[in-house]
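Engineer: Below, each chain spelled out in residue letters.
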Amino acid sequence: MENTVLMAIFTMSSLSLFFSIFLGFADKFLRVEENPLIAKVNELLPGANCGGCGFAGCYDFATKVVEGKVEPSACSVNDPDNIKEIGALLGKEVQSGPKLVARIMCKGGKAEAVRKQTEYYGPKTCLAMHVLSGGDKLCFYGCLGGGDCVNACPFQAMFMNSNGLPVVIDELCTGCGICVQNCPRNIIELHPIDRKVFVFCKNQDDPRTSAQVCKVACTGCSVCARKLDGAVKIENNLAFLNYEAFEKLETVELSEICKTGALSKLKGNGNFN
Amino acid sequence: MKLILIFLSSVLINNFVLSYFLGICPFIGVSNKISSAFSMGMAVTFVMTITSIVTWLVNHYILIPFHLEFLQTVSFILVIASLVQFVEMFIKKVSQPLYRALGIYLPLITTNCAIMGLALLISMKNYSFLEGIFFGLGGGIGFSIALILMASIREELDLADVPKPMQGAPITLIIAGCLALAFMGFAGMINV
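Residue numbers (the working numbering), protein chains in the order written: chain A, 1 to 273; chain B, 1 to 192.
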């Protein structure tokens, strides 16, 4: 009996000793030399592996940063302090702009785009709606309400409100741009967080049609272009803001200029409350 | 002939996931996409084959001569864990792309019960060395087949109109059950 116990202890310890020596030698001979800077830079990255920078994960990004192929600020998710620290590690000057967040350029939810072109029973994703029939709204430019952006967001920074439109939570949004890529209608844009005035519409229909499909559409009436000259221009029945003339827009009472409310100021969290 | 039978039986009839119900965790966890299911399947096949070789050697040249068969579980855990560590280092040195493709799947399967089950089954069934290898290879391929089948169904499932309470895990488990039932149809066709 005692013999068996001793034998068992001996066997197990020699087995583990053998394997630890074996692994020790293997580590010595098979070690892959890596630049120690890569690991340090990697630690300063958010580690979300969101792919917003266009590389396969944070480690890949760190490798490319150390190789000097990309700027450390190309990671929009990262904290500005960390970006500066990475710059200090590599001995580089880093400029980082203001924080970017996603903005939804459509205000036509269930309550605004009331009239329907069809009853939609297909798969409940924006991409499918876009490819199949354009969803149930009459507007072929606006939000489909399928929530592809919400599902794609790796930071849970978006949700669908009761009006069937996505809302961005500024505090959680990192500006990675994954929602922008996942929107088949291209109505999500990245903007600096302090930018508040937008044309919340992408409808390029003629004035009559766009007024019929949605209450908050930009009809292309060009009142704004006349009143705020230089700051807005009309192209394809749609107003485009010149963000350089931003201060001017901030001070003007926009509700008197744009009757539909497509050109307006961002309210609180997301577009509408 | 017996080798072929053992191979076929571990691929289809005694499939590790769908009739032994071993390795359910990766079966549910890594079956979201066909591509990741494929990588996982390859990693498991690879580790299973190597495991069957090494654990057979450990069993027959250390444990049985010293009458220490009760140490099987403990020593197999040790052997498998060190082995996977070594394989990971080796792959990292030899082929970076393969290392990245296998990614976290390789260390993940270190403690997978399908691998452990394989080692114990080989010694339970008293397989010879070659038979053990074929059993391991077949088991790995059977695992991959089950995983890829599941992943393809789940990819289709994304487009299906599943009732709200059934979305996510519940419908996945039901599908796993249906697959297992289908594979049960093979039961008893080969007895080895």
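These aren't lab readings, by the way, just hints derived from the structure by calculation. Please read all numbers here as calculations on a predicted model, not as lab measurements. One or more hints might be untrue.
Derived pair list, reagent style EDC-like, types lysine to aspartate or glutamate, alpha-carbon separation capped at 16 Å [stated by the list, open to error]:
| id | chain 1 | residue 1 | chain 2 | residue 2 |
| --- | --- | --- | --- | --- |
| 1 | A | K110 | A | D136 |
| 2 | A | K124 | A | D136 |
| 3 | A | K124 | B | E88 |
| 4 | A | K28 | B | E88 |
| 5 | B | K92 | A | D27 |
| 6 | B | K93 | A | E33 |
| 7 | A | K196 | A | E253 |
| 8 | A | K40 | A | D81 |
| 9 | A | K40 | A | D27 |
| 10 | B | K164 | B | E88 |
| 11 | B | K93 | A | E34 |
| 12 | A | K227 | A | E256 |
| 13 | A | K265 | B | E88 |
| 14 | B | K92 | A | D81 |
| 15 | B | K93 | A | D27 |
| 16 | A | K124 | B | E156 |
| 17 | A | K99 | A | D79 |
| 18 | A | K99 | A | E189 |
| 19 | B | K92 | A | E33 |
| 20 | B | K33 | B | E131 |
| 21 | A | K40 | A | E2 |
| 22 | A | K124 | B | E155 |
| 23 | A | K99 | A | D194 |
Away from chain B, derived, C-beta distances all over 12 Å, residues of chain A [said to hold, decoys possible]:
| id | residue |
| --- | --- |
| 24 | S14 |
| 25 | L15 |
| 26 | P46 |
| 27 | D60 |
| 28 | S73 |
| 29 | K110 |
| 30 | N161 |
| 31 | G164 |
| 32 | N186 |
| 33 | N242 |
Where is the CB? At the ideal position from N, CA and C, for every residue including glycine.
Engineer: Each hint should be assessed against the structure and marked as holding or not.
Structural biologist: Hints, verified against the model:
no.	hint	in the structure
1	A:K110 with A:D136	holds, 10 Å
2	A:K124 with A:D136	holds, 11 Å
3	A:K124 with B:E88	violated, 41 Å
4	A:K28 with B:E88	holds, 14 Å
5	B:K92 with A:D27	holds, 11 Å
6	B:K93 with A:E33	holds, 10 Å
7	A:K196 with A:E253	holds, 13 Å
8	A:K40 with A:D81	holds, 15 Å
9	A:K40 with A:D27	violated, 21 Å
10	B:K164 with B:E88	violated, 41 Å
11	B:K93 with A:E34	holds, 11 Å
12	A:K227 with A:E256	holds, 10 Å
13	A:K265 with B:E88	violated, 55 Å
14	B:K92 with A:D81	violated, 33 Å
15	B:K93 with A:D27	holds, 10 Å
16	A:K124 with B:E156	holds, 14 Å
17	A:K99 with A:D79	holds, 9 Å
18	A:K99 with A:E189	holds, 13 Å
19	B:K92 with A:E33	holds, 11 Å
20	B:K33 with B:E131	violated, 33 Å
21	A:K40 with A:E2	violated, 52 Å
22	A:K124 with B:E155	holds, 15 Å
23	A:K99 with A:D194	holds, 8 Å
24	S14	violated, 9 Å
25	L15	violated, 6 Å
26	P46	holds, 18 Å
27	D60	violated, 9 Å
28	S73	holds, 26 Å
29	K110	holds, 19 Å
30	N161	holds, 19 Å
31	G164	holds, 17 Å
32	N186	holds, 23 Å
33	N242	holds, 42 Å
Going down the numbered hints, you'll see the structure goes against 3, 9, 10, 13, 14, 20, 21, 24, 25 and 27, while the others check out.
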